[in-house]
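Below are the chains, spelled out letter by letter.
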Amino acid sequence: MLDRRAFVKSLLADRGGLLVVPGLGSATYDVAAAGDHPLNFYLWGAMGGTAMIGLGLALARPDRRVAVITGDGDMLMGIGSLATIGVKQPDNLVIVVLDNAHYGETGMQASATAHGIDLAAVALGCRFRHARSVSRIEEATDVRALLHDGKGPILINARIAATDEARVLPLRNGHAIKQRFMAALNAL
Amino acid sequence: MSLNTVATSETTKMENAWTDAIYAQFRRVGIRQVGYVPDAGHSRLIALCRDDPHIADVVLTTEEEGVGLVAGAALGGERAALLMQSSGVGNCVNMFSLLRNCGFACVVLVTMRGEFGEFNPWQVPMGAMTEEVLRLAGFLTYRIEDEGDVEPIVGAGCDMAFDGDLQVAILLSQRLIGRKQWTR
Numbered sequence: 079m080l081d082r083r084a085f086v087k088s089l090l091a092d093r094g095g096l097l098v099v100p101g102l103g104s105a106t107y108d109v110a111a112a113g114d115h116p117l118n119f120y121l122w123g124a125m126g127g128t129a130m131i132g133l134g135l136a137l138a139r140p141d142r143r144v145a146v147i148t149g150d151g152d153m154l155m156g157i158g159s160l161a162t163i164g165v166k167q168p169d170n171l172v173i174v175v176l177d178n179a180h181y182g183e184t185g186m187q188a189s190a191t192a193h194g195i196d197l198a199a200v201a202l203g204c205r206f207r208h209a210r211s212v213s214r215i216e217e218a219t220d221v222r223a224l225l226h227d228g229k230g231p232i233l234i235n236a237r238i239a240a241t242d243e244a245r246v247l248p249l250r251n252g253h254a255i256k257q258r259f260m261a262a263l264n265a266l
Numbered sequence: 035m036s037l038n039t040v041a042t043s044e045t046t047k048m049e050n051a052w053t054d055a056i057y058a059q060f061r062r063v064g065i066r067q068v069g070y071v072p073d074a075g076h077s078r079l080i081a082l083c084r085d086d087p088h089i090a091d092v093v094l095t096t097e098e099e100g101v102g103l104v105a106g107a108a109l110g111g112e113r114a115a116l117l118m119q120s121s122g123v124g125n126c127v128n129m130f131s132l133l134r135n136c137g138f139a140c141v142v143l144v145t146m147r148g149e150f151g152e153f154n155p156w157q158v159p160m161g162a163m164t165e166e167v168l169r170l171a172g173f174l175t176y177r178i179e180d181e182g183d184v185e186p187i188v189g190a191g192c193d194m195a196f197d198g199d200l201q202v203a204i205l206l207s208q209r210l211i212g213r214k215q216w217t218r
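Line by line, the protein sequences give chains A and B.
All residue numbers for the first sequence refer to this note's numbering, where the first residue is 79 and numbers rise by one.
All residue numbers for the second sequence refer to this note's numbering, where the first residue is 35 and numbers rise by one.
Keep in mind the hints are simulated off the structure, nothing from the lab.
Do not rely on the hints blindly, as some may be mistaken.
No more than 20 angstroms apart at the CA atoms, straight line, and that leaves these computed lysine to any residue pairs for SDA-like [said to hold, decoys possible]:
no.: 1; chain 1: A; residue 1: Lys87; chain 2: A; residue 2: Ile215
no.: 2; chain 1: A; residue 1: Lys166; chain 2: B; residue 2: Ile89
no.: 3; chain 1: A; residue 1: Lys256; chain 2: B; residue 2: Asn128
On a predicted model such as this, the values are computed, not experimentally measured, just so you know.
The task is simple: from the sequences and hints, build the whole structure.
Encoded structure:
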């Protein structure tokens with residue numbers, strides 16, 4: 079099992095122009111804990127929509143790499159979007175699911191992945207070019223390389239320990255997050 | 035539906051006219067992504083978008099995916115529009131919060147069901163609340179009954195949305211799009 083904070087920090091090391099869309103809750107805190115960055119479009123809501131925001135962004139900016147980093151609960155809620163993404167085959171989109179098999183924000187109730195539902199297998203069924211699960215920190219280097227160079231769509235299901243980390247709260251005003259992101263993207 | 039199957043009945047000519055008017059506005063304002071759940075009323079517009087190399091057409095498994103698509107497109111500097119049936123509006127309600135929270139421009143074209151001679155009573159509850167739901171969710175709503183209003187209203191709606199980062203929904207009434215034919 080992975081330490082979620084260490085794993086996400088490794089993925090975002092020397093991130094360059096990587097565009098990052100973290101899903102609501104712990105994924106947003108993990109990405110913020112790795113270091114605030116204007117190219118993070120933090121979500122505080124829109125549960126189930128994270129992967130689709132990634133798709134819209136990836137289609138709009140085929141010259142840039144897009145990383146969706148989200149939890150298993152968000153990905154399960156938006157599971158149909160894996161089919162939608164599979165149809166469009168964006169080669170610049172990577173989804174990393176931080177899968178602790180629980181709903182961390184609401185009291186650690188078990189999610190479907192606790193019962194053997196395999197999001198990497200779903201992604202392969204949805205014509206993702208590459209999808210697999212990882213559970214060792216040594217694999218973070220490979221996953222980071224996929225974020226920057228892998229031909230998408232890719233889904234990495236990262237099996238993380240079901241720990242309760244300190245909350246690291248980034249910007250919360252949606253307009254401010256959007257404007258900061260767009261200004262940074264335009265300046266690249 | 036292939037464009038080749040388009041017949042020459044008066045109904046079809048009328049459908050072509052309002053569809054062409056919407057498509058022309060999409061081209062004028064530079065829509066680059068169109069998300070949709072297939073719908074009979076939108077079928078010709080979907081075909082036009084699919085055939086346009088300047089537009090990425092995204093077939094959605096459920097309408098709320100389109101809200102995320104619009105937000106992502108806007109972050110990347112592209113304009114997007116959504117096509118859905120009135121029933122799909124109900125699927126989007128929580129996701130619409132994303133548009134308001136961040137001020138993302140959004141244009142939604144809604145083909146109405148559940149009104150004006152609707153044959154299927156299962157369409158009526160959502161159809162009857164569609165406009166009110168959109169308003170509660172923060173949308174400006176414009177309803178079109180007559181073909182001649184399509185160009186000015188869709189044009190004005192697109193301008194308001196994209197110039198002001200507003201959410202605009204345009205309801206295409208069942209009277210405009212025609213009743214669904216249940217016998218064939």
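Is the Cα-Cα distance between A:Lys256 and B:Asn128 20 angstroms or less? holds (19 angstroms)
For the pair supplied as a hint, A:Lys166 and B:Ile89, is the alpha-carbon distance within the 20 angstroms limit? holds (12 angstroms)
Hint check: A:Lys87 vs A:Ile215, CA-CA at most 20 angstroms. Holds or violated? The given pair, whose Cα atoms are some 11 angstroms apart, holds under the 20 angstroms limit.
Violated hints for the displayed structure: none, as all numbered hints are satisfied.
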